[in-house]
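Enquirer: Chain residues, written in single-letter form:
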Amino acid sequence: AQTVTQSQPEMSVQEAETVTLSCTYDTSESDYYLFWYKQPPSRQMILVIRQEAYKQQNATENRFSVNFQKAAKSFSLKISDSQLGDAAMYFCAYRRLWVNRDDKIIFGKGTRLHILP
Amino acid sequence: GAVVSQHPSWVICKSGTSVKIECRSLDFQATTMFWYRQFPKQSLMLMATSNEGSKATYEQGVEKDKFLINHASLTLSTLTVTSAHPEDSSFYICSARELRREGHYEQYFGPGTRLTVT
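Top to bottom, those sequences are chains Y and A.
Heads up: the first sequence is residues 12 to 128, going by this note's numbering.
Heads up: the second sequence is residues 842 to 959, going by this note's numbering.
A portion of the hints provided could be inaccurate.
Some residues of chain A that are not near chain Y, with every Cβ distance over 10 Å (derived) [stated by the list, open to error]: (1) Asp-868; (2) Gln-870; (3) Asn-911; (4) Thr-916.
Cut-off 20 Å, straight-line C-alpha distance, at most; resulting in silico cross-link-like pairs (SDA-like, lysine to any residue) [claimed, not checked]: (5) Lys-882(A) / Arg-123(Y); (6) Lys-120(Y) / Phe-880(A); (7) Lys-882(A) / Met-22(Y); (8) Lys-882(A) / Thr-16(Y); (9) Lys-882(A) / Pro-52(Y); (10) Lys-882(A) / Ser-53(Y); (11) Lys-882(A) / Ile-57(Y); (12) Lys-882(A) / Asp-97(Y); (13) Lys-882(A) / Ser-18(Y).
If you only want the chain A side, here are some residues facing chain Y, beta carbon under 10 Å, derived [unchecked claim]: (14) Tyr-877; (15) Ser-884; (16) His-945; (17) Tyr-946; (18) Tyr-949; (19) Pro-952.
Please keep in mind that the hints were generated in silico from the structure rather than gathered at the bench.
Quick caveat, the model's predicted, so the values are computed rather than measured.
Positions of the beta carbon are idealized from the N, C-alpha and C atoms, including for glycine.
Put together the whole structure using the sequences plus the hints.
Expert: Written as structure tokens, this is what we have:
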């Protein structure tokens, strides 16, 4: 069974600094997606970034980038130039690439990120 | 991106009553919808997977008679909490899956419903 582990329950970073959130996962599949979701105080789940496992290049979305290490099964999120609006719970998540009807997203336990002004 | 709505956003009900939460995909057809429960400061816990026109598939430990799920159309799924008790108070999130092409889909999340049972 697939698992997603986030070992940092909480992190803090100074505004404008850079922070890295860690995530490891376990799967026997070779093709899959990895995601980082943000859940701000409103509790709306927001997709931050997605990585296809078959792509060597690390995904980037503006200030958000990932370090995807497939062999190590590691998928960290780097937030550059942290802003107050980045304060949220961040969930790392996994999903198979080829979906069957009942396939589901596997979520980690989350990392709460605090931004210090 | 595609939008998923939930109604109501917050509901208070008395112990022993039933409450229905609606989840709608506004601009796409969702063959599959998911219902999650989230306790404060915790991750999303999948309760059930709902396929249009079929019975829902419940995760282990979720009481199917207590949490009734109906997915009657490609844009609407409902979760009914029957005979609610204070321990059912939680945040419920639905998610809808849009099939883009064979085997590939996008999944979108609703804004959630806060249920308080008094």
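Enquirer: Hint by hint, work out which the structure violates, then give me just those numbers in ascending order.
Expert: Of the numbered hints given earlier, the structure breaks none, since each of them holds.
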